[in-house]
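Sequences are here, hints too, so could you generate the full structure?
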Amino acid sequence: MTANALLHIDNISKRFGGFVALDGIELQVMPGERLGLIGPNGSGKSTLVNCICGTLQNETGSVRFDGHKLDGLAAHQRTHRGVARSFQLPRPFHSMNLLDNLRVPLLYTVHARMGPLRSTGDLDARCLELLEMVGLAAKAKQMPRDLTQVEMRKLELARAVAAEPKLLIADEAMAGLSHSEIDDILKLLMRLNERGITVIMIEHIMSAVMSFSQRLAVLVSGKKVADGLPQDVVRDPEVVRAYLGQ
Amino acid sequence: MVMAFAHWVHVDYLYFASYTILQFIVLATAWNILGGYCGYVNFGSAAFFAMGAYSSVFMHKFYPLPIPLLIVIGAAVSGIAGLGMGYLTLRLRGSFFAIATLALAVVLQTLVVNWDFVGGSRGAYIIRPETLEFAGYEINYIEYLFFLMLSLAVLALITARTIERAQLGFGFATIRDDEMAAEASGVPTLRVKLIATTISGAFMGMAGAPFPYYIGYLQPSSAFGLEYAVNSIAMPMIGGTTSWIGPLVGAILLGSAQQYATVTISSAVNLLIVGLMLVGFVIIAPNGIVGLVQERLRAWRRP
Numbered sequence: 001m002t003a004n005a006l007l008h009i010d011n012i013s014k015r016f017g018g019f020v021a022l023d024g025i026e027l028q029v030m031p032g033e034r035l036g037l038i039g040p041n042g043s044g045k046s047t048l049v050n051c052i053c054g055t056l057q058n059e060t061g062s063v064r065f066d067g068h069k070l071d072g073l074a075a076h077q078r079t080h081r082g083v084a085r086s087f088q089l090p091r092p093f094h095s096m097n098l099l100d101n102l103r104v105p106l107l108y109t110v111h112a113r114m115g116p117l118r119s120t121g122d123l124d125a126r127c128l129e130l131l132e133m134v135g136l137a138a139k140a141k142q143m144p145r146d147l148t149q150v151e152m153r154k155l156e157l158a159r160a161v162a163a164e165p166k167l168l169i170a171d172e173a174m175a176g177l178s179h180s181e182i183d184d185i186l187k188l189l190m191r192l193n194e195r196g197i198t199v200i201m202i203e204h205i206m207s208a209v210m211s212f213s214q215r216l217a218v219l220v221s222g223k224k225v226a227d228g229l230p231q232d233v234v235r236d237p238e239v240v241r242a243y244l245g246q
Numbered sequence: 001m002v003m004a005f006a007h008w009v010h011v012d013y014l015y016f017a018s019y020t021i022l023q024f025i026v027l028a029t030a031w032n033i034l035g036g037y038c039g040y041v042n043f044g045s046a047a048f049f050a051m052g053a054y055s056s057v058f059m060h061k062f063y064p065l066p067i068p069l070l071i072v073i074g075a076a077v078s079g080i081a082g083l084g085m086g087y088l089t090l091r092l093r094g095s096f097f098a099i100a101t102l103a104l105a106v107v108l109q110t111l112v113v114n115w116d117f118v119g120g121s122r123g124a125y126i127i128r129p130e131t132l133e134f135a136g137y138e139i140n141y142i143e144y145l146f147f148l149m150l151s152l153a154v155l156a157l158i159t160a161r162t163i164e165r166a167q168l169g170f171g172f173a174t175i176r177d178d179e180m181a182a183e184a185s186g187v188p189t190l191r192v193k194l195i196a197t198t199i200s201g202a203f204m205g206m207a208g209a210p211f212p213y214y215i216g217y218l219q220p221s222s223a224f225g226l227e228y229a230v231n232s233i234a235m236p237m238i239g240g241t242t243s244w245i246g247p248l249v250g251a252i253l254l255g256s257a258q259q260y261a262t263v264t265i266s267s268a269v270n271l272l273i274v275g276l277m278l279v280g281f282v283i284i285a286p287n288g289i290v291g292l293v294q295e296r297l298r299a300w301r302r303p
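Quick mapping for you: the protein sequence lines, in order, are chains A and B.
Using the numbering used here, you'd call the opening residue of the first sequence number 1 and step up by one each time.
Using the numbering used here, you'd call the opening residue of the second sequence number 1 and step up by one each time.
It should be emphasised that the hints constitute simulated quantities derived from the structure, not laboratory data.
Glycine included, every Cβ here is placed at the ideal spot set by N, Cα and C.
Hints should not be assumed to be uniformly reliable.
[To be verified] Among the chain B residues that face chain A by a calculated CB cut under 10 Å, a handful are: (1) Q167; (2) G171; (3) A181; (4) S185; (5) G186; (6) T242.
Take a look at the structure:
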C-alpha cells in the first residue's frame, strides 16, 4: 500500500521553541482517497497542513508527494507539484474581482505547466468555468468584500482547484456555516473527489467528517493516535478520552 | 508641443521646469512599481536617484561618455542596488521595510560624503557644453537633456502599463494583497519581489544619471535630498497607486505646483506644498485622483 501512496509523510516533527507541535507523524494518503483529519484545538492539524504545503518546514522526517521529496521546497513549488490548500480563514486577493482571483493560480501554475492558456479568451473561459462549478459565476465581476461567508469559502476552494491539484487540503472549509451551507460545501468537495482529486478534510464538524471521509486520522498533542475506518476510529478509547476527557 | 513652444519663444526656463517634472514622472512611476503594485513602501528613493547621479559623476571623471550610455550605467548600478536591497530586506514588511530603505539612503550618503573621487562633501562640478552637434544640427544642451528625460518618462510609463496588464502585474498585486495566499496560488513571491525592487531601482537610477549635467554642480545633500524621497511617495499617493496613470497625474500636478511656487514664492515652500496636498488628498481621496474618478464613474453607471 505504501509504495503507491500519493502523499507519504514519514516521521515528521516540528517544534516552536520548547513546544512540540508535531511529534513523529506518519501518514499515507492513497490517490483518489478522501481522508478526514480531526483532533482537538492545538493538536497540530494546521501545523501538519503547513508542513505539507511548505508554509512551514518540518525539522525531521520527510514529506513525499507523487514520488518526489517535497522537503525544502517553497510553498509555490509545492503548488506547482500539485498540492493545493484552502485557508482556515479565507484569504482572497482583496483588490481583485473574483475572476482575477482565479486568474492568478491559472497564470502561475496551469499556464506555466503547459502553456496553452495564453490567450485571454481561454483564461477567461476557464475562470468562469471554475466560478460556475462553485456557483459564483453571477458574481464574477464583484469584489471579495461583497461575498458572504459561504461564498468566500467557495471562492477559496475554487482558487485552490484552479491550480489543478492532485491533492486538495480543505482546512476547516465549513467552520461557522449553517447546515445547508455545510451540505453545499460537502457536495462540492465530493464532486471534486469524483474528478480524481484526493482530498484531505480537516474539520471539527463531526457529521460532515463522518459522511465525507473514507478514512479518519486523529491527532492529539502533535501525535497521531488513531487511523482507520471512521466508525472504528470514533469508538477508539484513546480518541474518546482525548475528546471527552477521562 | 511644449518643446515647439519653448523653442519658439527661446525660453530655456520652460525646459528646465519641464525637465524637473519629467524627472519626477520617472521617479514616481518607478516608486509605484514597488510601492503601489507590490505594497512595499520605499523611503530610500533618493539613494537610488543619487546612485544614478553619482555613477555619472564617476564616469565623467573616469572616462566621459555620452549621456544615453550613462543612463544605461545608472540603471545597471541602481538596478543591482535594488536587487541587493531586495535580498537584504526580504523578511521585512510594512514599516520595517520602509525604515530599512531609509537606513540604506543614510549609509550611502555617508559613503559618498567620504568619497573624494566623486567630490566628497565639497561636491562635484560638471561643466556641460552649451550646445550639442547632432546629425549636422546644433541643438541647445538643455533641449537635449529635456528630450532624454522625456524619452525616459515615456519608457517608464510604457513599462509600468505593460507590467500592469501582464502576468507579472497580477503577481505584484497578489504580493500587495496577501503573500501567503500568493504562495499557495503558485506565485514565486521572492522572485517576483526581487524583480520589482530591481525594476524600480533601475528606473530611479535612470532618472538620476543625467542629473549632474542638468544641475552642473552635484553635492551629496542635493542628490540625496529629502524632496526626492518625499515626492516619489507623495506623487503616486496623490495620483493613485493602483494604475500607471496615478504617478503620471500626481507628478504633473505636484511637480507643476512646486515649479510655480519656486518661481512665485520661494523654493523652500516646495515641501510644505507636498505636505499640505498629501494631507488634503488622504482626507478627500484616499485612493488618489484615479481612485476618486473611478469611484465617481462607478456611481454614475450604477444609479
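- prompt: Of the hints given before, which are not true for this structure?
  reply: none
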